[in-house]
Structures are given as C-alpha cells and as structure tokens.
Amino acid sequence: MDKNVDYSEYAVVMRGITKRFPGVLANDRVDLFVKKSEIHAIVGENGAGKTTLMNQLYGLIRPDDGKIYINGVEKIIKDPNDAIAAKIGMVHQHFMLVDRLSVVENIVLGQEPVRGPFFALNRARKEIKDLSRKFGLTVDPDSIIEDMPVGMQQRVEIIKVLYRGAEILVLDEPTAVLTPQETNELFEILRSLKSQGKTIIFITHKLNEVMAITESVTVMRLGRVTGVVKTSQTSPRELANMMVGREVLLTVEKNSAHPGDEILQVKDLIVKENRGIKAVKGLSLTVRSGEIVGIAGVAGNGQTELTEAITGLRKVESGKIIFKKEDITNFSPKKRREMGMGHIPEDRLKHGLIKTFPIYYNFILGEHDDPKFSDGVFLKIKDIRKFSEDLVKKFDVRPPKIDLLGMNLSGGNQQKVIVAREIAFDPVLMIVSQPTRGLDVGAIEFIHKTLISMRDKGIGILLISMELEEIFSLSDRILTIYEGQIMGEVRPEKTTTEAVGLMMAGHKLEDLHQEA
Amino acid sequence: MGNWKKYILNEKIIISLLSILISLLVAAIVMLMIGKNPLVAYAALFYGAFGTKEAIIDNLMKTSPLILTGLAVGFGFRAGLFNIGANGQVIIGALLAAYVGTMVASYPFYLSIPLVMVAGMVGGALWAAIAGWLKAYRGAHEVITTIMLNYVAIFIANYVVNGPFQAPGGVPKSPAIAYSAQFPNIMSIGATSLSTIIFVSLAAIVVVYGIIQKTTIGYEVKAVGFNPYAAEYGGISIGKNVMLAMAISGALAGLAGTTQVVGVYGRYFGALGGTMGFDGITIALIGQNDPIGIGLAAFLISSIRTGSNQMQIAGVPKDMVTIIQGIIIFLVATNRIIKTLKLRKRKEAVEL
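Top line first, the protein sequences correspond to chains A and B. FYI, this note's numbering numbers position 450 of the first sequence as 450, with every residue one higher than the one before it. FYI, this note's numbering numbers position 167 of the second sequence as 167, with every residue one higher than the one before it.
Okay, chain B solo, but in the shape it has when bound:
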C-alpha cells in the first residue's frame, strides 16, 4: 500500500531479523563456552523442526494456536493495551467451545462448527471484556486485572472438569465433543495429524490485518492506542474502544483455545492452555504487532521449540532454546527503547 507503511515495515523487519541473528550468535558463543559445537546443535535444531514429515506437521500444529494468541496480544498492543490475560481467555474460550461442542451432536457440521467457534470466541471476548470494562470505566490497569483473571479462569477450569463437566471415569476431562463439531485432519502420520485448524489461524491473520488496516474500527482502535487525547478530540470514545479492543483480543485468544478442542483433543482438559497465552506476548513482540510478522514469529518460535528435542539428543541442552528466545525478546524490546528515546529527545527539543 502506502509508502509510510513500507517504511515502517522495513525498519521493523530489520530490527526483528537482526535480533534473531544476534541471538543465534550469542547462543552459539554460550554453546562454545560449555564445550559444544554450535553448528552441530543448529543442524540438529533444523532437522528436528523440518527434517521429517512428522516434524513439519508437529511444527505446524504448534504454530497454529501461537498465531492466534500472538494476534490476540498484538491487537491489544495496537490499542495501547497490554493483554497478559490471553491464557485465561484461551481457557474460558475452550471451555465454552467444548460445552457447546457436546450439545450439537444432532446438527450437521456446517451448523455445529460455526456454533462452536462462535462460542469459543464469545467466551474469550467476554472474559477479556471484564478487564476492558474495569480499565475503561474504573481505571483498573489491564495488566493487573488480566493476570488475576488468569487465575480465576484456571480455577474455574479445574473445577468444571472435576465436577459438573467431567466425563464418567474419574479422569479430569470433559466428555468428547460431537463428531460434527470436530475439524477434519488433512493427513496423519502415525500419531501425528495435521488438522484443518491451521487454516483458521491463517484466515485470522488476514482478518486481523483487514480490521487493522481497512476498517473504521481499526482506525479508532489505533487512534486510541497512539494518542488517546487526539482520539477524544476527534469524537472517538476511549472507553468504548478499550472494551472493544479487549474483546477482539480476547476473541482471538478464545479462538486459540477452541482450535485445540475441535482440532487436537476433541474434548476439554481443563487448563489446557499451557503457556500459549504468555507465548502470545513473545510472539507479538517479535512480530512487532504486525499480523504477518506475528504469523512468521509464531512459526519461528514453534520451529525452535519443535527442533529442540533433536538438539537435546545431539547433546546440547534443550534450555538453549529458552536462551535464544529470551535474547530475541530482549533485543526487540531494547530496540524499541532506543527508538522511543530518540523520539522523546526530539519532542523535548521542540517543546522547550
């Protein structure tokens, strides 16, 4: 599209790519210090992520929910909101999706699948909207409220799979959802299956890109995120947009939870989100809140994690991946600090 966007994207891409490169170099130095050969380690990492069909499928299936939680956090950032509660929204979204999923057995797939997906998104959206409402009308900071809501979500999840929503047999899991609500697999190799949920994530990238770049909602949300004073001046309601942005962010996280229910497990396992909500923060940072960047960042993080087992077998501790990830985030974040500082300096000079 426009030149301005190209300019920003270029700068962003350079920062992200440099960060990744430097982090790989630093990790290599660490490996040398503990007496390991980094070339061997990286070769193993690469083989582990892309070397076999199973690896690629595994990698894609890990990427899929990370794209969604990354988009969730990234969308929040666009509105100036730090949604740390993607984890809770994943859990509540998955719960609602699974609950609806057990009730749609008599419906054809073209009804049950949309119903389940909508349920999951509504679950995540409502959960996030609580924090949005508290921020917009009570001034409670979303970082605090979303963290607290994460715990509430975990307790709810653990309660329902051990009580009202438990499948017979004493194991903490829900009954299976209706077959008509499950996403079909594209292919299976042994125990690994590539589910069609990957398309949901790819579609979400396009939809979020469209919302941000092409819609009035995107315009308002960005205006509030960039400069709430000017937004208010322009007649844009800050409260409404904070809630809306939180709800959209939560819907994306809820969708991430939903895809795990309908595409991977076929039932609800309580707090199954693991850390995917928090990974969303990492991914949004590396992807610099750009939907396409987030897609690539999710794939990167998933790849180094998938490959890490193979690296472990090659004799380099799996934890090296955490180091790489940490350094990337640090560099992306500090680059932002440097950029922000530069801006501030310029502004001060003008203001004085």
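Isolated chain A, as found in the complex:
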C-alpha cells in the first residue's frame, strides 16, 4: 500500500503500529510522521499509549503489526542495538545511570574504551567535552552521578545518547522531574540540538511545553491517534479537547447526592516523594459523607503521595489529616482501618493483593485479626471460607473458586476481590485510587455502579483517577491537582472537560475565568 510513497523527508515514520497486551490494546493502528530536524510532541493522557509507541521505535518491545521507516527506509527494529544502529537514542523517564560512577564512566558504559589492558577514559573525556560545548550541555565529566541534581543527570542521559551517535532523540516526559528553571535550560539544549540537525520526539502531557518548544504535535488517546496538528495552528484548548475526548463515553445513572457532615479534612498537607522532593505542596480538601469528591489530574502530580498520606502508608511532612473529627495524621494504617477508612489502592498488585495468597486469604487482608476471622491465635478457616464464598457470589468473581491464587485471576476480577473486601468491612470513608485502570468495559461499569451505591448509603468517597471521563461521570465535586496543589474546584454539571483539562495542565481556575 505504501510502496510508492516517498518518506525521505521524514526522519521517522511509523505506519499502522498495533500492539496488544493481555486485555489491553495499547496501540491501535497508530501513525506517526516526524520530519527531519523538527521537535515533535506526542501528547496524551496517562495510558494513551505514548510510551508504548516509543518503546517500539527503540526496540524495547516489538509491534504486533505495522512498519517503521527511518529516513525513508524501512527498518525492522528488534532490540535497542538495532535502534542505536539506526541512530535513534532514547532518554527514559527513569534515568538509566549508575549512581556511584562518574559522568564519563556512565557515558562509556557498554563500550568502554581500552588501551591494551587499561581503561582509557581520556579520549572519551575529550569527546564528552566537545559534545558539551557543541550543544551547550555543560557538565563536568568527572562528577559522580549521585552528587548531581536531577536536571544535570538528565543532561548526562542526553550526552550518552549523543555519544552513541544518535540523530533522532526520543525524550519520554523529560520535564516531569525538572524544576521550571531546569525545564528552561532543557529547552535551550533542545533548540540547540535541533539547530544542528537533530530530530527530537518529545513525549509530554504538559500543553504549555508543547506550545513553547515544538513544531508539530501528535495527540493520542486510548491507544489511538486523535489528532495531528502544527503547533502554530493550534491552542492548548484544542489540544486538551483532543487529549481527553469531548464526549463522556461511559455514563453512570445516578441521583443527586445528599452529603452529610464533613468526614475527612486535609489541611495544608505537605508530603515528599521517595527522592525527598515535595510532591504534595500545601494541599487542603474536604470530603463529606455521602458524596464523591473526584481528584482529576495527570499522573505524577502528587496523587500517589496524597493517597498514601491519607491512608497512612507515607509520612506527612506537615499539615493535618482529620478523620471523623480526630487528628489521624500520625495514626498507623491499621488504626485508620479500624476507624472505618477503606482503601482501594492505585496499584492492585503492589498494595491491594498478595498474588501468592489464595482468594479467601486475600479477602481478609486487613481484618485477619478481627474476632470474626481469628480467635486470637488460630484463624477461623471455616468462617473465612464461608465469608469468601458469599463475597465471591455477591460480587460475581470469576471463576468463583476461593482456593485460586490471587495471581490466577484477571485484572478485573482481582479488582472485584479488592472492592468486595473493602466494602465488606463497612467503611465510612473510602479512598479510591484508579479503580478501573486496565479493566474492560463490563468491569468498569460494575465498579462504577458499586461506588455510586456506596455513596448513596452515606459513605464518603475520595476518588483519584487519571481518567477524566470517570471523574466526570462519578464525582459530585471535582478538584483538579497539578504539581501537588489544587488548581480549582468545579461541579461536573457546570464545567467542561476542556476547563478541567486546562487546570490539569497547570492553569488556575481563576485564570480561566479571566481568559473567558
């Protein structure tokens, strides 16, 4: 079909790329056209398939279908070595550096220069200095990685890629870890690389960055391309539309909420992420009984740290968490659970389930020492099994065999086990994070209905989701989080997905009103 088409003006062409993972169509006939010496953005929500697409370009995974052309020539890229040979380099979201080694040692890693039996770093050192000068990538070749700030580490990654001769650079969310200052410096570097003929593919979900630095944009959503535009001919508003989709596909039948008293209050909360950087920056919110408060936002803006702080899995730097009028900021997860806080965790395989436990063991996680299930020493196995048989029936877990191990269930059924367990404990507040990630439509509908019926029973629900549709169809109030702060509160019936999309990209609600 494409035989007679000339792709020679493009550095990268991907045609009809399809990639299927168990239960998910990660890329569905994706086309990508990147001209030589341009900065091309790939934008989309989390799970839109951006990284999957780039991993196929870099040979980390193989496409099920589709073709890749580099500089007009079809290439089969089986592994990263093929990609490097085709002069493609990738800077990953998580840096691939050895912390204890120096810059130069990291850069030559894998192709160490030697003179006789000795390690010959001087030549590499000189080459690195040349590259630094050429592209404005100032970095000391002898610094140790772990002593360097994140922005500098990223430069090392870029130099590493250039050192291996890359002409096409893929950067996966490069600004996610950078300060605004470092971001500006990175943009300078990218412009300089471009002016010297390099082609750059830039994955992001921050629309202001797209506007600032790119020439053209491919927008992805749920594994498909939903738009290809020139940056000069678009606006953040239009991009946000294409990113999140205009219509709400899944509607959930629900009556208006009848909220009661405030059950959860978060006041000026500050929480750090694992590397010690503040992820939640003075955030406040309240949840009342019988309402669903949705937190919209792009992944990595502090949602994980917020939920972990509320549920007691992460230390709070400052601020207060008040639950049922009691200050629980320093309570153990167990204590919070006993007070009636349920939690459907973001990562069901990490926190929610023990894969190597049978289902009936997983059903009592968190309540295993409750008098219902334990006499203090021995587990009441018979009672536990009876309880589990009931839950499996009630929540239609398939296959309905409580002796199966957690890992032998599909994602949707694993999630049903977690939801069933958390509801069975009769919570008064439920922290729900990404409840439908990776689930099929049927399971999503079931989970949504369950959440609404919990709300109607008077349970307060804090819903954290990257799926804007989910937030819109379930929430009674929507808070948008960006870089650890709430950008604004809106009601789903009185706002638009574009407005929330813009807040997700860092615009404050007040600013939006001024613009309008």
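Among the hints, a few may not be true.
[Unchecked claim] Quick look at which bits of chain A chain B covers, simulated, 3 or more residues with Cβ under 8 Å: (1) 154-163; (2) 342-355; (3) 378-389.
In short, the hints are calculated from the structure, not lab data. The structure presented is a predicted model; accordingly, all values stated were derived computationally and were not measured. All C-beta atoms in this analysis are idealised placements derived from N, C-alpha and C, irrespective of residue type, glycine included.
Based on these hints, arrange chain B on the given structure of chain A.
Positioned in the frame of chain A, the structure of chain B alone reads:
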C-alpha cells in the same frame, strides 16, 4: 486442605524429586569417570544408612537436629528472611539450656525438662531477634548481621567453656546437666543410643506447620514475606513481624542446640553446633520451606551422610556425598530461578 496448596505442593515435590534423581545420575557419571561402579557405591550407601540397627539409629539421631535447623531457616524464608545465623542460635540456645540444666537438679523431670527447653529456645530467639531488630528498625540486612552474630556466638561459647562455665579438669566442657533434665533413651545398641529427642523434632514439624497454616501469626508473617507493601496496606506491622519471624526461627535453632545438650551429650561442649545451622539452609531449600518437606529433606541428607562411610569402605570417596548434595541444591535453586523468571516475564507484559 485446599486445591491451591495441593497444586503448589505437587509442583514443589516434582522439582525436589527430580533434583534428587538427577543429582544421583550425575554423581553416577562422575563415579564412572573415576573408574568406580556407581551401583556398588549406592548399594553401600544404602546399606550404610539403613543396613543395620546401629545405622538406622545413627541416621535418626543425625536427622533430629537437622529437622530443627531446617525448620528454623525455612520459617525465616517464609517471612522473606534469610537466616544464615542458625549456627550461632544453636550455640547460644545450647549454652542457655546447659546453664539452666545444671541448676535444676532438685526439680522433678516434669519441671526441669520444660525449663531447659524453654531456656534453649529463648536463647536462640533472643540471639536471632538481635538481627531481627537491626533489620526491622535499622535496615541492616539479616544475611550480614546473622553471619557476624555467628562469630560472636562461637567466641562466647569458647570463652565460657574455658572459663566461667568450665567443668573441673581443664577440658573445655561444661559440668554435666542434671539427670532430671536429660531426655531418656528409647534404646541403646553398644555406644549408639536412640534418644527421645527425635520426638521433639517430629513435634516441631507439626507445630511449625500449624503456625504457618492455621494461625494469625502465620498469616501475617507470610503476608510480609510475600508482599510487604500489601501487608502494610492491610495494617500488618512489617517491623514487628520481621522481629517475630526471626525470633521464631531462632527459637527453633536454639531448640536444635538444646536437644544435643539434653539428649546426646548431657553437657555443653562449646561451639558444638558443627555445621548443623548451615545444613539447615540446604535442607530448607530442598524441602522448599514446607515443614513436611523439610522433615523428609533432613532425613535424606542425614541418610546420605550416614551411609557415606560405608561407601568409602566400598572404595568410593566420601566426598561424593558432597557432590550429590551440591547438585541437588543447585537444581532446586535453579528451578526457582526459572520459575521466578517466568513470573517476572508475565508481570512485565501486563505492566507495560
């Protein structure tokens, strides 16, 4: 019980049995290469382990402490802990048991025997709990700390039997423990006696099985071992359970030391543990951390060792036993690697 358990057990049993079979075949090839007849060697090995009453008694008495150290290491594995310090825990447990054993002469056996056993278990438990505490609250890896504690235990043992706890006569050994604290023999043939301590080991299998499968403690320990994140999410304290698991593991090792004092020597000989603590690792691996599997693995290892003398007499070097043992461990361990790799691959595919 449940199907899930049967399924795992079956897979485990197959791996262990295949490993044993292959190792015997490989050792046979080695024997052929050095010009020995493997059939003759194995016949001698079998005769040495089971051919006479003395051999069977000897074999059972060797099996007994190995069951306990195997259970000790295996229980640690269940909690995700690698207790390499069973040797030190054996030594300290035996020391405390012997010390209490010398003080209970005026008590009837039904008091002195429980006292001595509790002392030995507490000794091992406390010794292991040091490493548990360091792991839980200071992040020090238990492999390092338990190895270091092994040396400390050996030095303490050598000091006390040459000093404060030395029997008169200048030999490095403690005074004899009270008669009332000694376990009776079931039977004796010449110098070999079958002591009732074998029942302690068999009972320990049942108790450990019960703890792992039936109790809340077992549930928590396994949860921490399998997935500490999910355990924490479920309100289970990781620190508490790491310490508890180390202490239970240490108590079992301490009990192993105790049985040697009360059932074999009747006194304390310093670092008498020999290698039984390290053998516990081998046995836990072959038994795949299953209490019953550990019992059988201890019996297997003890049998090939007991039989090895007879094999030596038949002209095949005793060291062949070490080769067999090494190959079994290698195969069991690599099987785990293969299984783990398979799991990881599946997980990655889902995550991407």
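Structure-based check of each hint:
For the segment 154-163 of chain A, the stated coverage by chain B is violated: 0 residues have a C-beta nearer than 8 Å to a C-beta of that chain, whereas at least 3 were required. With 9 residues bearing a CB less than 8 Å from a CB of chain B, the segment 342-355 of chain A meets the requirement of three and the coverage assertion stands. Check result for the segment 378-389 of chain A against chain B: holds, 3 residues qualifying (beta carbon to beta carbon below 8 Å, three or more required).
Checked against the numbered hints listed earlier, the structure breaks hint 1 alone; every other hint is satisfied.
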